[in-house]
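J.: Sequence:
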Amino acid sequence: MPLVYPNMILSEVVAEHTSLIPVLNRLGIRLGLGDESVKAVCEAHQLDTDFLLMILNTYLNEEYFPEKKLQSFHTSQIIDYLTKTNQYYERFQLPNITRHLNSFIAMNPEGNYSLAVIGKFFAEFKNELIKRIQNDQKNWFPYCLSLSRQDLSRQISQTNDFSTGIRPEADDPIEALLSDIKRIMIKHITGDYDENLCYAVLFSISSLEKDIKQHNRIRYRILVPMITAMEQLNK
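Residues in the sequence shown are numbered from 22 upward in steps of one, following this note's numbering.
It is worth saying that the hints were derived from the structure and are not from the lab.
Some hints could be false.
Computed Cβ-Cβ distance ranges for the label pairs, DEER-style [to be verified]:
#1 24 with 66: 19 to 29 Å
#2 145 with 66: 32 to 42 Å
#3 159 with 227: 46 to 56 Å
#4 155 with 97: 38 to 48 Å
#5 32 with 120: 27 to 37 Å
#6 26 with 212: 47 to 57 Å
#7 155 with 26: 29 to 39 Å
#8 28 with 97: 20 to 30 Å
#9 201 with 30: 34 to 44 Å
#10 46 with 227: 12 to 22 Å
#11 28 with 192: 32 to 42 Å
#12 46 with 204: 43 to 53 Å
#13 26 with 133: 41 to 51 Å
#14 64 with 37: 16 to 26 Å
Glycine included, C-beta positions come from ideal geometry on N, C-alpha and C.
Assemble the whole structure, with the sequences as input and the hints as a guide.
T.: Okay, structure coming up:
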């Protein structure tokens, strides 16, 4: 299980795991990293090194769960990252996939049923993701912040139960929809179609699928347990 440590050269980590590039971008870290260590880059960008490591390692490792580290982070740090992730989806990834998919469908013969199904599934997925993002901003994130402002976060160190209320990532309907789109493209696409555009769409969908899966791990394995603990202390 690979882990990222403070003294590692960040550019070498990114070269090994290029999927981390958008994760770093959300935190204001752009390419042109030079030979600086993770800690040095964090200091240059005024970021909490431990927080960045928690994000990167959660993103890279399925089994990573920094239970002890949770006690040192404020709820607002997690929510700020998740907010930036939502913005990245809404402003960049969704428009990018929509553009590629629309071009893919438009350049292929009319009456291709499999392409129509792909378009329908993606429209449903896009609608569900946008609804979740809007609910996060209007309801869920403000609620989380309101709990943290009650100063309950200081008391979390009194309990070690960070597993209560974790929602299994496998149950997430948004992940399921995206997985369905990928399966349809791989298994059932028929007729003539532009292979280059097909690859572009499939690559973009696969990239978003992985990103959302890791986003959900941070959401459900870090934020939800923190909020659950605060709710229990507030009873």
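J.: All the hints need checking, so say for each whether the structure fits it.
T.: Quick rundown of the hints versus the structure:
no. : hint                     : verdict
1   : 24 with 66: 19 to 29 Å   : holds (21 Å)
2   : 145 with 66: 32 to 42 Å  : holds (38 Å)
3   : 159 with 227: 46 to 56 Å : violated (30 Å)
4   : 155 with 97: 38 to 48 Å  : violated (20 Å)
5   : 32 with 120: 27 to 37 Å  : holds (30 Å)
6   : 26 with 212: 47 to 57 Å  : holds (50 Å)
7   : 155 with 26: 29 to 39 Å  : holds (37 Å)
8   : 28 with 97: 20 to 30 Å   : holds (28 Å)
9   : 201 with 30: 34 to 44 Å  : holds (39 Å)
10  : 46 with 227: 12 to 22 Å  : holds (19 Å)
11  : 28 with 192: 32 to 42 Å  : holds (38 Å)
12  : 46 with 204: 43 to 53 Å  : violated (29 Å)
13  : 26 with 133: 41 to 51 Å  : holds (50 Å)
14  : 64 with 37: 16 to 26 Å   : holds (22 Å)
In terms of the numbered hints stated before, the structure departs from hints 3, 4 and 12, listed from lowest to highest.
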